[in-house]
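Take the given structure of chain E and dock chains V and L to it, following the hints.
The lines below spell out each chain.
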Amino acid sequence: MNFWLELIIKLVAILGFVLTGALVVIYAELKAGSHMQGRIGPYYAGVRWGWAQPLADGLKFLQKEDLSPTGADRTIYGLAPYVVMMSTIAVFVVIPFGPDMVGRDLDLGIYFILAISSLSVLGILMAGWSSANKYSLMGGLRAAAQLIAYELPLVLAAAAVVVQAGTMSMNGIVLAQSETWFTVAGIDVAMPFLLKGQIISFIIFMIAVVAELSRIPFDMPIAESELTMGYLTEYSGIRFTMFFLGEYASMIAFSAIAATLFLGGYAAPGVPDGLANLVGPGVMLLKIALLVFVIIWIRWTWPRLREDQLQRLAWFWLIPIALANIAVVAIFKVVF
Amino acid sequence: MSDKQIRFPFRGLWEGMWLTLKTMLKPAPVTMYPQVQEEPVPRARGVIALDVEACTVCMLCARECPDWCIYIEGHKEEQPPSKPGGRPRVRATLDRFDIDYSLCMYCGICVEVCPFDALFWTPEYEYSEPKITNLLHNMDKLTYWLGTVPDQPPLEKS
Amino acid sequence: MTDLAMIHRSESAVSIELQTPDMTLNIGPQHPSTHGVLRLIAKVAGERVTDVEPVIGYMHRGYEKLSEVRTYAQITTLVNRIDWVAGFASEVPFIIGVEKLMGVEAPPRAQYIRMILTELARMASHLVFMSSYPLELGATTPLMYALREREYILELIEEVTGGRFHPNFNRVGGVKPVYGGGSMTKKWSLDLPEGFLQRARDAMDRMEQICDDIDTLVSDNELIKMRTVGIGVIPRDKALEYGLTGPNLRASGVAYDLRKVENLLPYDEIDFDIAVRQGGDCYDRYVLRIEEVRQSSRIVRQAVDQIPSGPLQTKVPRVLKAPRGQVYSRGENPKGEFGYHIVSEGARMPYRLKIRSTSFSNLSILPWILQDALIPDLVAIMGSLDFVLGDVDR
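Chains as they are written, first to last, in the numbering used here: chain E, 2 to 337; chain V, 1268 to 1425; chain L, 27 to 420.
No wet-lab data here; the hints were simulated from the structure.
In this text, all values refer to a predicted model and were calculated from it rather than measured experimentally.
C-beta: ideal position from N, C-alpha, C; glycine also.
Don't take each hint at face value.
Stated by the list, open to error - Restraint-style ranges between C-beta atoms, simulated for each label pair: (1) L:G72 - V:E1396: 48 to 54 Å; (2) E:L56 - L:E94: 55 to 61 Å; (3) V:W1285 - E:Q64: 38 to 44 Å.
If we strip away everything but chain E, and leave its shape as in the complex, we get:
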């Protein structure tokens, strides 16, 4: 196929997936959250169940004036949302939704993801610094400290998977999980890494993901009751929409990574190889939805931690445990 045509198709597909996915997750959050609180949430937008509420919200945000404070550093202030959005979208390049349904199957897939996703901290720091607002500055600094602290457990938890899979390619990791683990009565049983002894990595990875997303219980950077939305305080209009969509898009992105690393990605038991490209995306979306729901569920149940408690959790507990876990996984890998 023509290189440029392929590129354009992939771009449109990824952009479309990210934006619709973000809208769907926003709707899911509104609806699930309100039902958990004993409310019904959006109801009127659209004809039934308020399905069009995220769209309506988006339209409303687009109409709002794009304010920027007097003291703001205009260039950086304007650029910050796009940096955050870009780093989120770039992650989707290597996430496989089927054996062939992947933007580009890099050999260093997981490495690429971890590198590119930590760029978002740059955007957040830019937003916090350039807003000329003390609350924004504190929020930005909190976010920087938090994202740096939680990059490490994230990388270490992923490293354990890489050690077990023996590859960094996302597709390779999925294939490693669909290998036959053992055979019972002639049926080959494949297991995702979650059940192959990576449960500790999975828990650490999910905690780190929630922290990376700055969601409750780790939402100190935007803590509404303390910092009045932190680095988002001064943003409005389309730039706020960018941050907002970026938050939910990265929720999908990280859930997709977790699903690929630990839950077997697009692979499902009993699917013949010929159909993997067709069934794969559905299986993947189901797994993403499950993880997204857990993140939403936690957000509507738990309170927020304090910044120093969060750092203590990362450095005293998650990182040592993750390091020990890598050692154990490596020993098992060598011995067996």
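Just chains V and L, lined up with the frame of chain E:
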């Protein structure tokens, strides 16, 4: 309670999540307001209704109102005598009876002090206005609300 | 000068140069966790608050001065707007003060109705606290649960008084006896409506249920404990020194409750305990209020069982004039001691009304307790004191 002796680690976190999940699966206790009207209790102090016929323009309500939001104007009117040959009666008639609901604090003192049963509470609540000046309601509006005065609820036996 | 000393001095000079001045952070008056319009001028070094100065008065409505040109009946409508989450509770001490001045006493049934409604108002106020405090710590769901249950309490209050927040139901000499002053409306008694007692019992069941739910969702939550246990500790002597009252004082280990001390309402005929906790930290202040809701529901259950029959109001003159004199009457508001000092010169209006509002006194500990707190702790401590800005500024 926090004083239970043996606790699993992080049990509180899971129990909380279980509670929110249970709530999510139950139907939400929501009244779909514009379609389903909420039934206010009969004594609810929603809005004040006026019985023009009973009013004698004595101004007691306007005088006792804590924030003076009642505006009354009236004049004396000669009425034909009740029986032929009698003296013509003089009756006070209302020209203006306005209540400024943007000032009113719904205390009910005017209803309490009215000696001629001219003012009543009614639980009507749908009279919000986009502009604050439109909350000055005149005699016609107040008389219209008279039809919505509910019956008094039966009392607890004592 | 040796080289070593020079190096030492230059290093210290660098460190002095690097010492940055504290940042002044203006928290409020428009801030989500200042409960309205409190303003804190905080000096912060990073996340740590080094100095804080509360600025109040953004909600001053001049109720003390207004009361000097209002009759006693009209003041009742003002005083329930001071602490609006528990309107009925702040009416009672004022009315009883006027009754003391005039030498009348409410009949027993009126006193019991006052007691039931005061306890309902206490529950409503504590439910607002139980909803807003987790919100300040980041948990959004308890808000909806507690406010949903508060709706049942407000419905009960509305059913009797006609108002949800501002009952305006107390009259000198009892509670509001009849609908109006006319020949017809005079016969419409405003006694408890039919089925109220049973509905109150049902609502108490719901209260005990929501207390358990909030315990499950909030009090037992390890994250909440991490955020609140040992934070903002007010020792017993400091609490007394700053004149804290109510749950804030009782959480510091002082079993002082005006319901047991003052004899405004027939609490002595009711069996209930004063909830006391020893720690004095945010968690204790929080859990103590849940315990108080349980105690209040005990009080309401007993009160609706033994409510006497009789008239709602004693005979009082048509034009209320308090004789010359002064009186200080105080009651246990949900937030603490709520007192009115009424000075009368014998007119229809008080000569002077001094309102001792609870939140104002409880707030006075803020500069001391917020010393060296972190900003998240500042929010946690401020929320745990449970003040209402209308009550602070009057």
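Outcome of the hint check:
Taking 48 to 54 Å as the suggested C-beta distance range, the pair G72 (chain L) and E1396 (chain V) conforms, at roughly 49 Å. As the Cβ distance of L56 (chain E) to E94 (chain L) is approximately 57 Å, the hint placing it in 55 to 61 Å holds. Look at W1285 (chain V) against Q64 (chain E): about 41 Å separates their beta carbons, and that is inside 38 to 44 Å.
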